[in-house]
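Novice: Sequence lines, in order, name chains A and B.
Each residue of the first sequence is one higher than the one before, starting from 43 at the first, in the numbering used here.
Each residue of the second sequence is one higher than the one before, starting from 270 at the first, in the numbering used here.
Derived from the structure by calculation, the hints contain no laboratory data.
Treat the hints with care, since some could be wrong.
To be verified - Derived pair list, reagent style DSS-like, types lysine-lysine, alpha-carbon separation capped at 25 Å:
hint : chain 1 : residue 1 : chain 2 : residue 2
1    : A       : K242      : B       : K428
2    : A       : K242      : B       : K298
3    : B       : K428      : A       : K159
4    : B       : K340      : A       : K235
5    : A       : K284      : A       : K244
6    : B       : K298      : A       : K193
7    : B       : K276      : B       : K298
8    : A       : K193      : A       : K104
9    : B       : K436      : A       : K159
10   : A       : K159      : B       : K463
11   : A       : K258      : A       : K242
12   : B       : K463      : B       : K451
13   : B       : K428      : B       : K451
14   : A       : K258      : B       : K428
15   : A       : K174      : B       : K463
The primary structure of each chain is shown beneath.
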Amino acid sequence: MRITELFDRGEFVLTTEVGPPKGFHLDHLLHEVKEYLGDITAVNVTDNQSSVMRLGSLATCKAIKDIGVNSIFQITCRDRNRLALQSDLLSAAYFGIDNLLLLTGDYTTLGDTPQAKPVFDLDSVSLIHAVKQLESGIDLGGNELDGDPPKFAKGAVVSPCSDSVDVQLAKMERKVAAGAEYFQTQAVFEPEKFFEFMEKAKQFNVPVMLGVIILKNAGMANFMNNNIAGINVPPDIIEELKADPEKTKAGITGVEITARIIKECRDYCQGVHIMALGWEKLVPDLLRESNLVS
Amino acid sequence: MLITELKQKDDVLSLIKGKALVISCIGCKEVYFPVTEAEELHKELLAGGNVSAVITTDYICNPENLKLQLKKHMDKVEAAEILLVFSCGVGVQTVAELYPNKAVFAACDTYPLPGHQGITPLEPECDQCAECHLSDTAGICPITACSKGLLNGQCGGSKNGMCEVDKDMECGWERIYRRLEKLGLLDSLLYPAKIRNYIAIAGAGANASES
Numbered sequence: 043m044r045i046t047e048l049f050d051r052g053e054f055v056l057t058t059e060v061g062p063p064k065g066f067h068l069d070h071l072l073h074e075v076k077e078y079l080g081d082i083t084a085v086n087v088t089d090n091q092s093s094v095m096r097l098g099s100l101a102t103c104k105a106i107k108d109i110g111v112n113s114i115f116q117i118t119c120r121d122r123n124r125l126a127l128q129s130d131l132l133s134a135a136y137f138g139i140d141n142l143l144l145l146t147g148d149y150t151t152l153g154d155t156p157q158a159k160p161v162f163d164l165d166s167v168s169l170i171h172a173v174k175q176l177e178s179g180i181d182l183g184g185n186e187l188d189g190d191p192p193k194f195a196k197g198a199v200v201s202p203c204s205d206s207v208d209v210q211l212a213k214m215e216r217k218v219a220a221g222a223e224y225f226q227t228q229a230v231f232e233p234e235k236f237f238e239f240m241e242k243a244k245q246f247n248v249p250v251m252l253g254v255i256i257l258k259n260a261g262m263a264n265f266m267n268n269n270i271a272g273i274n275v276p277p278d279i280i281e282e283l284k285a286d287p288e289k290t291k292a293g294i295t296g297v298e299i300t301a302r303i304i305k306e307c308r309d310y311c312q313g314v315h316i317m318a319l320g321w322e323k324l325v326p327d328l329l330r331e332s333n334l335v336s
Numbered sequence: 270m271l272i273t274e275l276k277q278k279d280d281v282l283s284l285i286k287g288k289a290l291v292i293s294c295i296g297c298k299e300v301y302f303p304v305t306e307a308e309e310l311h312k313e314l315l316a317g318g319n320v321s322a323v324i325t326t327d328y329i330c331n332p333e334n335l336k337l338q339l340k341k342h343m344d345k346v347e348a349a350e351i352l353l354v355f356s357c358g359v360g361v362q363t364v365a366e367l368y369p370n371k372a373v374f375a376a377c378d379t380y381p382l383p384g385h386q387g388i389t390p391l392e393p394e395c396d397q398c399a400e401c402h403l404s405d406t407a408g409i410c411p412i413t414a415c416s417k418g419l420l421n422g423q424c425g426g427s428k429n430g431m432c433e434v435d436k437d438m439e440c441g442w443e444r445i446y447r448r449l450e451k452l453g454l455l456d457s458l459l460y461p462a463k464i465r466n467y468i469a470i471a472g473a474g475a476n477a478s479e480s
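With the sequences and hints as input, model every part of the structure.
Specialist: This is the structure we're talking about:
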């Protein structure tokens with residue numbers, strides 16, 4: 043089911059994200075989805091996340107669908123040219139996977155196979171355009187598709203706490219113009235910045251889902267501050283993580299911090315996207331503490 | 270060796286929305302330049318009334334030479350809001366670097382021709398993509414100034430204005446945005462989604478004359 047239908051109905055949408063394994067065994071991933079993500083509207087499946095070669099996003103989406111859970115097929119432009127991307131979009135339509143998150147993708151040299159050729163034949167904006175064109179029954183080559191065209195919920199990302207948020211908003215405007223129908227954000231740790239961003243983004247009139255990461259420890263926060271674009275964990279949060287190491291290790295501190303951010307931002311967004319990064323088992327606690335489920 | 274071709278006449282004429290000056294490079298041994306066609310277009314541009322003069326010179330890709338050649342025309346350069354450049358992509362970018370407060374537009378597309386590249390300075394770089402984007406991007410090439418060669422704006426990987434791929438390199442799209450902002454030309458980023466056309470450079474020189 044397309045999550046855009048839920049936004050249209052005014053529902054507050056909950057998504058989370060899972061990374062396929064390096065290998066072809068999905069038992070563990072599917073077990074976690076069944077066990078912990080029952081209250082989630084749809085599960086994003088990453089596409090060779092961080093340029094690390096893994097099991098495919100599409101196959102994993104299909105496996106998740108087969109256990110009765112809605113999925114979001116993430117597609118990046120790093121590894122495939124426009125023929126392969128459009129072909130995979132048709133494959134997704136065949137499997138009945140109709141939620142997409144369309145990204146440019148990290149650069150090849152940041153991952154575990156730095157020798158690979160970076161493709162970037164399309165980028166996030168032109169990929170959104172390509173999907174829209176397929177939906178009209180024509181491919182990027184200008185050739186007609188056989189039969190009814192596919193229909194997708196077209197998602198994109200934006201970075202509200204970026205140090206160049208105006209440049210990000212300009213890109214967001216291009217994504218909306220190309221056909222993006224909903225946005226998931228990079229992880230937010232500074233609600234004030236998110237409010238300011240939403241004040242500017244509301245002109246685009248598209249649903250925005252607040253991105254959150256459950257912090258595991260102060261080291262993780264420091265690492266992200268130094269290395270991950272668009273993420274800034276403020277010092278008081280880092281201190282909070284250091285205060286009681288056992289509580290932090292158990293995930294209680296991370297869940298408390300994330301729940302607080304969600305509650306502060308809830309009225310400013312149309313959904314929440316949880317990046318649990320291996321702590322899927324904490325998602326039910328997080329949803330309860332954030333008052334997103336009773 | 271490169272080949273430059275004029276962009277469609279209407280596209281070039283539509284760039285002249287204010288007081289303009291044309292800087293035309295008659296090329297170098299390494300670049301084939303369509304001199305006659307360019308001169309015809311120059312006449313038409315001058316007749317339009319907004320173009321104060323056409324300054325024709327060579328090697329505008331060399332900043333020192335360019336400065337020298339433009340010295341006696343500084344009044345015209347200063348009076349112009351727009352510098353319309355007839356040259357390969359290196360020349361357009363050199364003019365843009367030299368005059369950061371002017372809108373710099375490209376009148377030509379640059380095609381590759383395999384083989385000897387000559388002695389043309391390659392800084393800044395031109396990818397010879399055959400569909401020059403410099404008029405939309407403040408004279409900064411989105412293909413060579415962005416590690417991913419993105420045509421549609423900044424990715425999410427820029428941190429403190431630097432590129433995620435090469436941390437010593439400024440994010441090209443940050444530079445493009447800041448310069449357009451300074452020039453009051455941010456609306457030029459509202460073009461429809463761009464997709465590269467690789468057929469334009471397939472077989473390079475052979476196709477160039479047909480396109």
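Novice: Would you mind marking each hint as holding or not holding in the structure?
Specialist: Structure-based check of all given hints:
no.	hint	in the structure
1	A:K242 with B:K428	holds, 21 Å
2	A:K242 with B:K298	violated, 51 Å
3	B:K428 with A:K159	holds, 24 Å
4	B:K340 with A:K235	violated, 48 Å
5	A:K284 with A:K244	violated, 36 Å
6	B:K298 with A:K193	violated, 53 Å
7	B:K276 with B:K298	holds, 21 Å
8	A:K193 with A:K104	holds, 17 Å
9	B:K436 with A:K159	holds, 20 Å
10	A:K159 with B:K463	holds, 22 Å
11	A:K258 with A:K242	violated, 31 Å
12	B:K463 with B:K451	holds, 24 Å
13	B:K428 with B:K451	holds, 21 Å
14	A:K258 with B:K428	holds, 23 Å
15	A:K174 with B:K463	holds, 14 Å
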